[in-house]
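Asker: Protein chains in written order, with the working numbering: chain A, 1 to 111; chain B, 1 to 114.
Quick caveat, the hints were computed from the structure, so don't treat them as lab data. Hints are not guaranteed to be accurate.
According to the in silico footprint, chain B covers these stretches of chain A (three or more CB under 8 Å from chain B) [unchecked claim]: (1) 16-28; (2) 58-72.
Within a straight-line C-alpha distance of at most 25 Å, the following computed BS3-like cross-link-like pairs (lysine-lysine) qualify [claimed, not checked]: (3) Lys-103(A) with Lys-14(B); (4) Lys-68(A) with Lys-57(A); (5) Lys-42(A) with Lys-68(A); (6) Lys-41(B) with Lys-42(A); (7) Lys-14(B) with Lys-42(A); (8) Lys-42(A) with Lys-20(B); (9) Lys-69(A) with Lys-42(A); (10) Lys-57(A) with Lys-103(A); (11) Lys-79(A) with Lys-41(B); (12) Lys-66(B) with Lys-20(B).
Facing chain A, from chain B, some residues (calculated, C-beta under 10 Å) [said to hold, decoys possible]: (13) Ala-2; (14) Phe-28; (15) Thr-32; (16) Tyr-36; (17) Ser-43; (18) Glu-59; (19) Asp-88; (20) Ser-89; (21) Phe-91; (22) Ile-93; (23) Ser-95; (24) Leu-97; (25) Asn-100.
Every residue, glycine too, gets a C-beta built ideally from N, C-alpha and C.
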Amino acid sequence: EDQVTQSPEALRLQEGESSSLNCSYTVSGLRGLFWYRQDPGKGPEFLFTLYSAGEEKEKERLKATLTKKESFLHITAPKPEDSATYLCAVQASNSGYALNFGKGTSLLVTP
Amino acid sequence: GAVVSQHPSWVICKSGTSVKIECRSLDFQATTMFWYRQFPKQSLMLMATSNEGSKATYEQGVEKDKFLINHASLTLSTLTVTSAHPEDSSFYICSALTGNYEQYFGPGTRLTVT
Chain A
1 EDQVTQSPEA
11 LRLQEGESSS
21 LNCSYTVSGL
31 RGLFWYRQDP
41 GKGPEFLFTL
51 YSAGEEKEKE
61 RLKATLTKKE
71 SFLHITAPKP
81 EDSATYLCAV
91 QASNSGYALN
101 FGKGTSLLVT
111 P
Chain B
1 GAVVSQHPSW
11 VICKSGTSVK
21 IECRSLDFQA
31 TTMFWYRQFP
41 KQSLMLMATS
51 NEGSKATYEQ
61 GVEKDKFLIN
71 HASLTLSTLT
81 VTSAHPEDSS
91 FYICSALTGN
101 YEQYFGPGTR
111 LTVT
């Protein structure tokens with residue numbers, strides 16, 4: 001059975017304090033791994049898709065990396081506006097393009 | 001990025017009534033859309049896959065007669081919650097699949113059944 005585990009569950013950072021969020025996964029065949037940002041009361045906002053081990057993608061202060069067993073979302077010099085829940089999801093090759101989500105990491109960045 | 005809208009953004013209905021939620025892809029066509037449900041402090045749970053011109057595929061444990069899905073065009077899918085009860089109160093979110101198989105989400109619909 002496909003599984004997605006995110007850690008930590010919650011993270012509090014000071015502004016400028018870089019850190020990484022982890023997403024461990026087991027899937028029968030990975031088509032893609034997705035990162036989303038979700039603000040309270042809103043739908044998830046697409047950040048990145050990673051398809052193969054070794055792939056990296058960057059967007060502003062965020063960088064996503066992928067290995068065969070996990071993905072990391074690195075946040076460099078975060079700002080308070082980066083506070084949100086970050087969701088990781090896997091798309092299995094036999095899933096019909098549906099996403100299996102982890103429980104998310106709730107990030108709070110304080111000034 | 002691709003834009004997906006939902007309507008309404010929130011709705012309150014009485015127990016026993018039905019409510020329809022619309023999901024539209026605004027700047028692209030989507031043969032496949034998905035409906036998710038999210039309870040407070042929890043992640044998204046897939047309810048069903050909606051395919052244009054064919055019947056929806058429901059996840060195990062989701063009542064197809066209660067959650068009616070119609071995907072009548074390449075830009076519109078609807079979810080109707082029939083005979084709603086308080087336990088159906090939740091945050092319903094749709095997503096649409098782009099041509100390169102990425103999912104873009106709508107802003108969600110908060111349903112409260114009294």
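Asker: Does each hint fit the structure? Answer for all of them.
Answerer: Structure-based check of each hint:
As drawn, the stretch 16-28 of chain A meets chain B at 0 residues by the rule of a beta-carbon pair under 8 Å; below three, the given contact is violated. Only residues whose beta carbon comes within less than 8 Å of a beta carbon in chain B count, and the stretch 58-72 of chain A has 0; fewer than three means the coverage is violated. A threshold of 25 Å between alpha carbons decides the hint, and for Lys-103(A) with Lys-14(B) the separation of about 31 Å lies outside it, so the pair is violated. Proposed proximity of Lys-68(A) and Lys-57(A) is supported: the alpha carbons are some 16 Å apart, at most 25 Å.
Straight-line distance between C-alpha atoms of Lys-42(A) and Lys-68(A) comes to about 31 Å, which puts the hinted pair past the 25 Å bound. A hinted pair counts as satisfied when its Cα atoms are at most 25 Å apart, and Lys-41(B) with Lys-42(A) qualifies at roughly 13 Å. Taken as a hint, the Lys-14(B) and Lys-42(A) pair is honoured in the structure, with Cα atoms around 24 Å apart against an allowance of 25 Å. Distance restraint check for Lys-42(A) and Lys-20(B): the Cα-Cα separation of roughly 19 Å lies within the 25 Å cut-off, and the hinted pair is therefore satisfied.
A distance of roughly 29 Å separates the Cα atoms of Lys-69(A) and Lys-42(A); the hinted pair therefore is violated under the 25 Å criterion. Restraint check for Lys-57(A) and Lys-103(A): satisfied, since their Cα atoms lie roughly 22 Å apart, inside the 25 Å limit. The hinted pair formed by Lys-79(A) and Lys-41(B) meets the criterion: a straight-line CA distance of about 23 Å does not exceed 25 Å. This hinted pair checks out: Lys-66(B) and Lys-20(B) have alpha carbons roughly 12 Å apart, not beyond 25 Å.
Against a cut-off of 10 Å between C-beta atoms, the interface hint on Ala-2(B) holds, since the closest Cβ of chain A lies about 8 Å away. Look at Phe-28(B): its Cβ only gets to about 13 Å from chain A, farther than 10 Å, so that hint breaks. The interface hint given for Thr-32(B) holds, since its Cβ lies 6 Å from the closest Cβ of chain A, which is under the 10 Å cut-off. Hint status for Tyr-36(B): holds, given a least beta-carbon distance of 8 Å to chain A, under 10 Å.
Given hint, Ser-43(B) at the interface with chain A, holds; its Cβ is 5 Å from that chain's nearest Cβ, closer than 10 Å. Annotation: Glu-59(B) was flagged as interfacial toward chain A, and the flag holds, the nearest CB pair being 8 Å apart, inside 10 Å. The beta carbon of Asp-88(B) comes no nearer than 18 Å to any beta carbon in chain A, farther than 10 Å, and the hint placing it at the interface is violated. Annotation: interface hint on Ser-89(B) violated; nearest CB of chain A at approximately 14 Å, more than 10 Å.
Because the beta carbon of Phe-91(B) sits about 8 Å from the nearest beta carbon in chain A, less than 10 Å, this interface hint is met. Annotation: Ile-93(B) was flagged as interfacial toward chain A, and the flag holds, the nearest CB pair being 5 Å apart, inside 10 Å. Contact between Ser-95(B) and chain A, as hinted, is supported at the beta carbon level, the nearest pair being about 8 Å apart and thus within 10 Å. At a threshold of 10 Å, the smallest CB-CB gap from Leu-97(B) to chain A is about 6 Å, leaving the interface hint in force.
Annotation: interface hint on Asn-100(B) holds; nearest CB of chain A at approximately 8 Å, less than 10 Å.
Comparing the model with each earlier hint shows violations of hints 1, 2, 3, 5, 9, 14, 19, 20; every other hint is respected.
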